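Let chain G serve as the given structure and place chain V on it in line with the hints.
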Amino acid sequence: MLEIKNLEAAIGDKAILRGIDLVVPKGEVHAIMGPNGSGKSTLSYVLSGRPGYDVTGGTATFDGHDLLSMEPEERAALGVFLAFQYPVELPGVGNANFLRTALNAQKRARGEAEIDAPGFLKLARAEMKRLSMPDDMLKRNVNVGFSGGEKKRNEVLQMAILKPKLAILDETDSGLDIDALKIVADGVNSQRGPDFSAVVITHYQRLLDYIVPDRVHVLSAGRIIRSGGPELALELEANGYAAIVAEAA
Amino acid sequence: MAADVETIDTVNALAEGGYKWGFSTDIEMDLAPKGLNEDIIRLISSRKNEPEWLLEWRLKSYAAWLTMEEPDWAMVNHPPIDYQDLHYYAAPKKKPGPKSLDEVDPELLKMYEKLGIPLKERAILAGVELPEGEAPQVAVDAVFDSVSVATTFRSTLAKSGVIFCPISEAVQDHPELVRKYLGSVVPAGDNYFAALNSAVFTDGSFVFIPKGVRCPMELSTYFRINARNTGQFERTLIIVEDGGHVSYLEGCTAPQRDENQLHAAVVELVAMDDATIKYSTVQNWYPGDVNGVGGIYNFVTKRGACRGARSKISWTQVETGSAITWKYPSCILQGDDSVGEFYSVAVTTNHQQADTGTKMIHIGRNTRSTIVAKGISAGKSNNTYRGLVRVLPKAEGARNFTQCDSLLIGNQCGAHTVPYIESRNATAKLEHEATTSKISDDQLFYCRSRGLSQEDAVGMIVNGFCRDVLKELPMEFAVEAQKLLAVSLEGSVG
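Those protein sequence lines, which keep their order, are chains G and V. Each position in the first sequence, counted from 1, maps to that position plus 3 in the numbering used here. Each position in the second sequence, counted from 1, maps to that position plus 909 in the numbering used here.
Because the hints were derived from the structure by calculation, they are not lab data. Since we're looking at a predicted model, the values are computed, not measured. All residues carry an ideal CB built from backbone N, CA and C; glycine is no exception. Do not rely on the hints blindly, as some may be mistaken.
Claimed, not checked - Which chain V residues face chain G? A few, computed with CB under 10 Å, are given here:
| hint | residue |
| --- | --- |
| 1 | S1349 |
| 2 | I1370 |
| 3 | N1372 |
The following block holds chain V by itself, in its conformation from the complex:
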């Protein structure tokens, strides 16, 4: 039976041109009217029953946004976005909590199934309690359009002092933490999209790891845009106190739609003394069809602050989706001996455009950063690595190693590397390596002469090219990411 379902999914995926997450779900929605103004922001804030200070913060962000202009320095092109033509709030209609799976909206369950969430977790996500001890190793938060639908394993996590919940709940239950850290890494006026997010963000995940605690399981969030003409503006805040440790994963999918949808998220990470945050993303938003129609505009600000000495923040991302990606997960290395890492695979096919990279800001002494970026371009796509390594005067002994590799498939795509290096300390050591290569006919024929199909050969060569990054992903994600790479590039050769 399982095999049958898989076969059907595969056939559907092929028919849809490879994007098997392209379904939409019919669920009764609570939708705010289109457009953006102070009233809409007040509406969002009141729907979420927010305290006054948060509403004020939103309104201030909105005022800042109004004075700003959309950035145009990235190597991406798109028609102007009509910010008044979007819904800024969409949520599945609230019903009293279900007692068993039978009472859960079957469409919601179907969506979880299609997303590949295991049955047990589907039940938990839908609010059905399971006996303890049957726990899988990943706690899941699901954000469906604007709201977090359910978070699993909260009680298990609470026992070790870990808070993992929707940020809207954190605002209610832990206002002092949210107020202290929200906007402390990415200020409201940081950039155009961050200001927009600060004004209208609706939900996202909140993680707090107290002093000395190693989070006992991987934390994971599934983000799903479902409703039409909706922007998704999630906000994630992760705080790890002294000596704490967390590994957090996010996955993203969206339905296939002809129009473009806007996703402007903000992620803030704070690591105190000796704290470690590992943040992994497998981003697979709908990329648009072969002619470049539809797809998500993924304009995201992700930044981590290594505030404490010897703290470490590691970003790993595998990006195969979105019509346009504009995203630079960064590390502010403030604490002495702190470490920032960025491992990235960005794949673009058809008409996709990606302008992505990282910023490593060295402030503290002996701060170290590593950047490994792998860009793969196929079809008529454009793939740009844009990175900044900045060493400030007090960063004695700072070290950076950057490696940017581009792989071209076919002869109509582009790969661009734009590294900025600014050093204001003579003791800093900075290295930059870059390569550009093509999958050669020799490599393909060699693989095929050993029995691999053309597509398996491309998959194998691409996975080999990305190995340095994929090995940084947690095991389950690495397997998924490998399959995703192969599926994304199907039909791109020959």
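With the rest of the complex left out, here is chain G:
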């Protein structure tokens, strides 16, 4: 379970998150929506430990572990996964090598047995088949020369292989055509189960047609100003953010 209490964060002198309270119980998928600059991406970076963000108050725990005191790789080993809005290119680093090294680093940190190369290939090929991704995705360098859609699909493939307990998807739907959107959604839906929770950050209701959330939260100026069921997303789509922001003010 992810528990965020009164979380405040800043970049330099600029306060971005101004007291966020959010509980995502085990097995649930929550959507976070909000206008540009409301702090959505900052929330995802603070939770995954990106350097450059100062946490100025509050707490965030996952399954009782204090996330904010952990290194990014420790959070990963705990089961926290961030699907990047802009996945990063690693020239010369093969996708398969990258993923197996990451998976084994996590396994090592958890005291589990590592997976050998043939075992990994079997696992990766099975996941790729399920996500209808071409085999050469593994052979290519991490995100190098990938189209926008391929990069996002690669994020979903990584999630499928690393099998996190908490996935944070930072605008994974941006720049995707409808087919790619479905593949990404299938990837998330196939992970759903009693041990998987997700925070899906998005601008648009469209993604939530395919990943149906248990709860929807509206983030504005660094605070959650409204929460509700999936119908809240539809209301946002119909009326826009301005109406809700005005109502909350």
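Using the frame of chain G, we list chain V on its own:
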């Protein structure tokens, strides 16, 4: 047990600041007095029981050296070297050949162990014969300070006509070959350090591959500087006749010492018609400590002559060591359709300085060369690529492709690229690509968010950056080189 030893080594390596080859070995040495003069050269020559012509060649080189000045065009700085304050000859004291491992100087065996030479080869290096058929795939020559200690698999190689032995022995057993080729690629007066080497060289490897023979195994030399205040001046000569093929590897380490040690080697390669020479180096001389104290001055002249048509010489180097590196492995593409290649990774950290690159001299028609140089700078180091591509008037249809990439880690290091291109033939096609980049915070965070530690992330990004070069190394060396890159850069980020 093995794991225990490895753990201890790892802990020691960390305590020593990452250089785990920094041990020295207590072995009784036969040491010439300090200083350089004709008497010392005569002493070296007589210790090696050399023929008169070689002594004369040495003395002529010495005379040439006296008239020369140390080159100062490279982007490196060091206090003046006192050439009279060095020992020019140091050798482990000769004892009658051992019958079994028990009779071998235990310190020497310990050194082999620390160098990571497999047990079987340690025995062979120490002179204990093993039954045939148990042969590993690499024949090893070990050069310890000034002399070659032992060479393995000579009889196996001899069956296919391959000669692989210390050059001092080649002088005795194959004088006609040595006399014909020694100095034929790098003349005695070629440059300051080559002249010095020609005057005082003590040992090194000699390889001869006869017509049409593919050398049945990788040949390898471990170079080790051990004694204090000693210069190491090895000389390597590789000759491959028509249609022959050889892959040769060298590895280099040295103890940690506060003073700087001089290493001025010369390597000469000769490839005749359709011959191929692949020369790989993993250079890990002691680089000095974090404050730049100590370390090896690595001033080396390496040159290959593609004398025959369709011959090919390929240099691959991974350079992580030495306080200062001054080294330009080159190819003289004389034969028509001959091919020269240079693949290089040079890593500098702390206060290391590297000025390294290559020269491709196109003389024959349709000669082709490829240069892929990757420089990685961290700490307060300076890393310079210096390369020359020269196309002479008769080199119709010459082709060169050069790619120089620099990777910066941190904000106190420097990367410099100094390419010289001279074309005197209008049909030549020359390409030069260069990039400079930094390991970005985004890349590091991306890797860490997937579970990699900061150091593993740097290692992975750096290895990715070097992939085009590492894939040219023979398999066993590639794995070693990857680990070496990661170890060299430990602690250089954040």
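>> Are any of the numbered hints broken by this structure? If so, which, sorted upward?
In response: none
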